[in-house]
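There are 2 protein chains.
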Amino acid sequence: MTVITVADVLQGHMPTNSKVTINGWVRTRRDSKAGISFIDVYDGSCFAPLQTVIDSSLPNYQHDILRLTTGCSVSVTGRIAVTLSRSKHKHYEIQAQEVEILGWVDDPDTYPMSAKRHSLEYLREVAHLRPRTNLIGAVARIRHILAQAIHRFMDEQGFFWVSTPLITSSDTEGAGEMFRVSTLDLENLQFTADGKVNYAKDFFGKEAFLTVSGQLNGEIYACALSKIYTFGPVFRAENSNTSRHLAEFWMVEPEVAFATLEDAASLAETMLKYVFQVVLNESAEDMQFFAERVNQEAINRLQNFICADFAQIEYTEAINVLQKCGQTFKNQVFWGMDLSAEHERFLAEKYFKVPVAVKNYPKHLKSFYMRMNDDGKTVAAMDVLAPGIGEIIGGSQREERLDRLDMRLEEMGLNKENYWWYRDLRRYGTVPHAGFGLGFERLISYVTGIQNIRDVIPFPRSARHVNF
Amino acid sequence: MTVITVADVLQGHMPTNSKVTINGWVRTRRDSKAGISFIDVYDGSCFAPLQTVIDSSLPNYQHDILRLTTGCSVSVTGRIAVTLSRSKHKHYEIQAQEVEILGWVDDPDTYPMSAKRHSLEYLREVAHLRPRTNLIGAVARIRHILAQAIHRFMDEQGFFWVSTPLITSSDTEGAGEMFRVSTLDLENLQFTADGKVNYAKDFFGKEAFLTVSGQLNGEIYACALSKIYTFGPVFRAENSNTSRHLAEFWMVEPEVAFATLEDAASLAETMLKYVFQVVLNESAEDMQFFAERVNQEAINRLQNFICADFAQIEYTEAINVLQKCGQTFKNQVFWGMDLSAEHERFLAEKYFKVPVAVKNYPKHLKSFYMRMNDDGKTVAAMDVLAPGIGEIIGGSQREERLDRLDMRLEEMGLNKENYWWYRDLRRYGTVPHAGFGLGFERLISYVTGIQNIRDVIPFPRSARHVNF
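From first to last, the protein sequence lines are chains A and B.
First residue of the first sequence: 19, per our numbering; consecutive thereafter.
First residue of the second sequence: 19, per our numbering; consecutive thereafter.
Think of the hints as simulated: they come from the structure by calculation, not from any bench.
The beta-carbon is built from N, C-alpha and C at its ideal position, and this holds for glycine as well.
A portion of the hints provided could be inaccurate.
When the alpha-carbon atoms are kept at most 25 Å apart in a straight line, the in silico DMTMM-like pairs for lysine to aspartate or glutamate are as follows [claimed, not checked]:
hint, chain 1, residue 1, chain 2, residue 2
1, B, Lys434, A, Asp442
2, A, Lys219, B, Glu143
3, B, Lys134, A, Asp212
4, A, Lys134, A, Glu116
5, B, Lys219, A, Glu205
6, A, Lys434, B, Asp173
Label pairs and their in silico Cβ distance ranges [said to hold, decoys possible]:
hint, chain 1, residue 1, chain 2, residue 2, range
7, A, Ser74, B, Asp421, 27 to 35 Å
8, B, Asn338, A, Leu84, 48 to 56 Å
9, A, Arg97, B, Asn338, 28 to 36 Å
10, A, Glu435, B, Leu84, 55 to 63 Å
11, B, Gln29, A, Thr101, 31 to 39 Å
12, A, Leu102, B, Thr288, 34 to 42 Å
13, B, Glu435, A, Leu138, 57 to 65 Å
Can you build the whole structure from these sequences, using the hints too?
What follows is the structure, encoded as structure tokens:
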């Protein structure tokens, strides 16, 4: 007798009539008048549950089987049977010979995960049980497939995964609200003579924060191994309660030495197409569910994305397009403004109708580390905008020339001393290099069609939300 | 003309005589009296540098080539040549036709990464440049290969990667020093009527910390998807400055539903053997370097590990063995004591001479969530001890019975209310489940033979160390 998964049975990995055991949880129970019960069992290995057929002749039929409710855990031993539907679709089930109840559901009437449909808001309140639902289970599998696809793509392309630090004493953006990390006893703080908190007494001997990006550290490794990527959590202490913001989320940040902005744009295109193809190949059943229940376009738009040639446009040209398109926007269009979601979506969805990389933004809109263009007004930054979601990737060529970098640091009022090691990379064998950041949750949101990124991360953290 | 990597050339991926460009950094330069310079160029794609042969007839020979020093970045275009050594070993090189200098080294005499050997302690002080060394470059590639191997193994075994939260309001171990995460203005704290800090004003509306383990959250997903693993950073605010402790490190934590302690032990064995085999297959050149320069046993012991059948021993029996072995230990041996490093290494290295899983420890040594054995004295915990390093994995079967769990919470003075969601997993379709934790840096340390784990993580964090 072999213990196998529901997926093993439903994907036909085992010969018909083999005797097997599957372990899982009851999705639903149906009793026929003929004295047979049908119990759908899921174990998370795939979207569909497995039907188990239980005859009333089983010794614990009356006592156990007829009491089973949604969520009970069972171990079912029996033989695999297969029938052909009218459409020649194979239907697998288990003819049970033994059903062991592993765990009951306490007071089934109040079980928070009853078999009915629940709102996403409600499910967030029971994040410890929501992966048992069809929706959140499917999200979890897609999340896994996407993460695997990213690691595989990067590996195949010769990139090395680098784990950049989470706790940091530097601030990547020179902006961005950060969380403080401390072991100080806040009820007994010690102060210096001038009334400041004495961080010399803190764990790290100075102020420390949670990082907002691994990029600067990633550049260190790109300037030694040529092609690296980070894939790890980053943090923003922004008090914005929107469906697009989390205090803790995962980022993918490739960084490539000897590369230009065009190389980064091309890498972004290749990578996104690769991972979308993997999802379509390996998560067909889960994607079908998202297309049926969440967003009709979920599959189509990935297919279109894969087939499309990305458009490219200069920021300056994009402003022209927006000014002349005849469409009215809430936010006025002028050279120097940052593109809003409405502008981004117009460009991707109406004007180009394919994903588009907007390049070379005014320098005042972007960070100090982006490479100054010869016009002295723009920097080599790019945003990739996708139909249906807007900005999905942001990147740039980095400033590899020490004199220009120092100029930008000064312009932005940043202290050169704090960037001593970043400047060293430009003093010692500097190279042109470029990279981008992809918000992993935004990617999952795009793939699944789920709008609120709180529903595509297992345990969302945001202002006033840190349960579980 | 094609841009390729040093690895592409050295692994013979390109036909001899093809014209190619490689980009990288100068490792060394040697000038022959005949007016030819040999420049070894590395780009991080593999261990060995590529020799480029530069004739003095190149227009920038006098002005550029003869000024090249270690660390300069270059772009070399030329034809691939191959010669056979006496031992029939193929030796690839590039006959340069053009050498472009991309970046000089500022004041070469003070370049911190000069071509001589540096101490590990020194290299930590220049963590932004150390990946350019042979040693730290090799560590980075091994780290990548190990991470990939773990993801691949887990995926092949049907596990789903789950990202458990880093910021948490709960404390996995009921012990373990934690870092506070806060956005409170420490210079202007607000207090409640009874003189406590008013955390209602903090970002999350209550106290929040950095997690010490993803396990409890991992159990949530195992109780829905059956087989999951985490692979992410965890934190310990321990003020211990040893070669085995970091404030921030990466953990792999598989969690399996419908599994016992034996299943977890068996998974640990299969996983370790798998990843070690991958390293031997895919990192032969880097491993050769570690065997030559760091630990002679580096390769042998992985090979032995792969071939060995793991031993298993009960904690109680292990105490017997240690008491009767005739060896004198610094720490007295008695039932109820925790095994020290000396005991662990004796068992693995002298007694069994293979990796050994020690099982069923006295309950007072272990955490509240471990499954109580029928003897009422021990819990279903295991530690995997490996020759040459000691404990490499710690795991347990989790207590799936609510009444026993509640008993343990009470015994250990923990508040049931704080574990409401963990208890819910036992109220609703509870299942036997088990898992373990593998410290990723400890694994790399074992593979490479590098003793101090500060040297196997890109940017180590520990008490008073948070630079870069």
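Each hint, compared with the structure:
1. Between the alpha carbons of B:Lys434 and A:Asp442 the distance comes to roughly 53 Å, so the proposed pair goes past 25 Å and is violated.
2. Restraint check for A:Lys219 and B:Glu143: the C-alpha separation of about 22 Å stays at or below 25 Å, so the hint holds.
3. The hinted pair formed by B:Lys134 and A:Asp212 fails the criterion: a straight-line CA distance of about 46 Å is larger than 25 Å.
4. Between A:Lys134 and A:Glu116 the CA atoms are separated by roughly 28 Å; this puts the pair beyond 25 Å, and the hint is violated.
5. Taking the CA atoms of B:Lys219 and A:Glu205, the gap is near 15 Å; set against the 25 Å cutoff, the hint holds.
6. Proximity of A:Lys434 to B:Asp173 is assessed by CA-CA distance (about 45 Å); at most 25 Å being required, the pair is judged violated.
7. In this structure the hint that A:Ser74 and B:Asp421 lie 27 to 35 Å apart at CB holds, the actual value being about 32 Å.
8. The hinted window of 48 to 56 Å between B:Asn338 and A:Leu84 holds, with their beta carbons roughly 50 Å apart.
9. Checking the proposed 28 to 36 Å range against A:Arg97 and B:Asn338 shows it is violated: the Cβ atoms sit about 47 Å from each other.
10. Taking the beta carbon of each, A:Glu435 and B:Leu84 are about 35 Å apart, not inside 55 to 63 Å as hinted.
11. Between B:Gln29 and A:Thr101 the Cβ separation comes to about 53 Å, which falls outside the hinted range of 31 to 39 Å.
12. Roughly 38 Å separates the CB atoms of A:Leu102 and B:Thr288, a value that falls within the hinted 34 to 42 Å.
13. The beta-carbon spacing between B:Glu435 and A:Leu138, approximately 27 Å, falls outside the hinted interval of 57 to 65 Å.
Hints 1, 3, 4, 6, 9, 10, 11 and 13 from the earlier list are contradicted by this structure; the remaining hints agree with it.
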